[in-house]
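Chemist: Fit chain X to the given chain P structure using the hints.
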Amino acid sequence: MRGNTAESPDVLVVGGGLVGTAVAYGLAREGAKVTVLDEGDGGFRASRGNFGLVWIQGKGYGLSPYARWSRSSAQRWPGLAAALLEDSGVDVALRQPGGFHLCFSDAELAEREKRLSTLQAELGGDYPYQLLDAKELRERLPAAGPAVIGASYTPMDGHVNPLKLLRALHQSMQQRGVTLVSSSQISRIAPEAGGFAAHGRNAVWRAPRIVLAAGLGNRALAPQVGLHAPVAPNRGQVLVSERVAPFLHYPTINVRQTDEGSVQFGDSMEEVGYNDFTTTDVLSTIARRGVRAFPLLKDVRLVRMWAALRVYSPDGFPIYEQSAQYPGAFVVTCHSGVTLAAAHALRIAPWVAGGAMPDELAAFPGGRFLASGQILSHA
Amino acid sequence: MTSKPLFRVLAPLAPAVADATVQIWFNDQPLDVPGGRSVAAALLAAGVQRFRATPVTGAPRGPYCMMGACFECLVEIDGVPSRKSCLVTVQDGMRIHSQEGARDLPFDADQASPHATQENAHGR
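Chains as they are written, first to last, in this note's numbering: chain P, 1 to 379; chain X, 1001 to 1124.
This is chain P alone, in the form it adopts within the complex:
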């Protein structure tokens, strides 16, 4: 494996979060020589604040290629986890037992049925799910409280330890020869003969190809290489409890128990700009909803809380595109860097390396936002 930093790389990846490192890791597996340019510690990092779900159910409602794309990633996740373990020695604690979306009203359950049945039809029937009434749910999740009237379940869902994932990707890509440059925020990218020049504060990096995986930073960088990525921050807040004995053996959309026993509560969505502070009202709503779902948690102590900014496109779906104006420049941006990590490493990377574009990606050009209205959803 080549790892000599004196040689110029084949590909520059701008961004060292879950998206950039997954793509870089995949590129290194393809034999490419890669340099990852990561921002300093002051950057907004969704990769250090996310919830850790590998989640499929309900995603892609209104844009079924996203359902197919997400699912293709979930199916490749066991392979990614095994490869990361082999390359880095880090076990990311992948579990894919299926997941539950708990419902507190008949209307909510009806909405789940509409969403999942529509997706199942659009995917030609290959979309397993079950709707459970209160009794059926309690047989599967004995800890569910009396306020939970039912749930949707799909065997497609799972979760990982997201911090271990980030560490595993960083270690694995470097193990395979990727050069990581920290504290190198890129302010300008100039197309030039034979490739691109990425300008940091004190240095310039050059390569024939460049991948924009800079999260919220893609918004300003994309137009410089003929791409469009109008992403904006969407704040999520998370609570974490002390470690408790295992009680929840499946992830749910807003409560999950980690492999080490902590309980994580989340799923808030707010548009508050570049503000990643926590707020008591949102956190208490999250906590109340969690205890309503699982009343046995009412005396469990919370030990940490945080907020992070999702990288949100106007319709909530990812943006994947190679520049028509400057071929060799790619944008890769999404708000589900955990779920999609396997697709990024194993399907996006071969495309960037010169292979065919995966079929699903025709639905995700950034240009779709140049002439459309905005619909926000938890896509």
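In short, the hints are calculated from the structure, not lab data. Everything numeric in this text was worked out from a predicted model, so none of it was measured.
If the Cβ cut is set under 10 angstroms, some of the chain X residues that face chain P in the computed set are:
1. Thr1054
2. Pro1055
3. Val1056
4. Val1080
5. Pro1081
6. Ser1082
7. Arg1083
Anything over 10 angstroms on all C-beta distances counts as not near chain P; from chain X, calculated:
8. Leu1006
9. Ala1011
10. Leu1031
11. Arg1037
12. Pro1060
13. Met1067
14. Thr1089
Quick reminder that beta carbons are idealized off the backbone N, C-alpha and C, glycines included.
Modeler: Using the frame of chain P, we list chain X on its own:
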């Protein structure tokens, strides 16, 4: 990480400030410990080193920060699991157990002794 104590008891500045001894139980053994201090300080003074076992590997742990930040001094006090012993004042008659791994669920707060409410009184 070690559970060898990082702290030792200093001699009192004057006999007048020495606190009266209280009797507590640690893992069902009676202990006479100095009062007027935290459970963690009292247990350390009595020679206790292993306060808990970690949930993931079962490794032994003892107090590290003594100010509520590190969660290393967790013990069960009067039936309430996973309490930060450095933030609870020792009281005569307390029944304390080492915290063996993750706490159990559910925990019924109604069955705990009055000492248990002390923690909530601090707004925690």
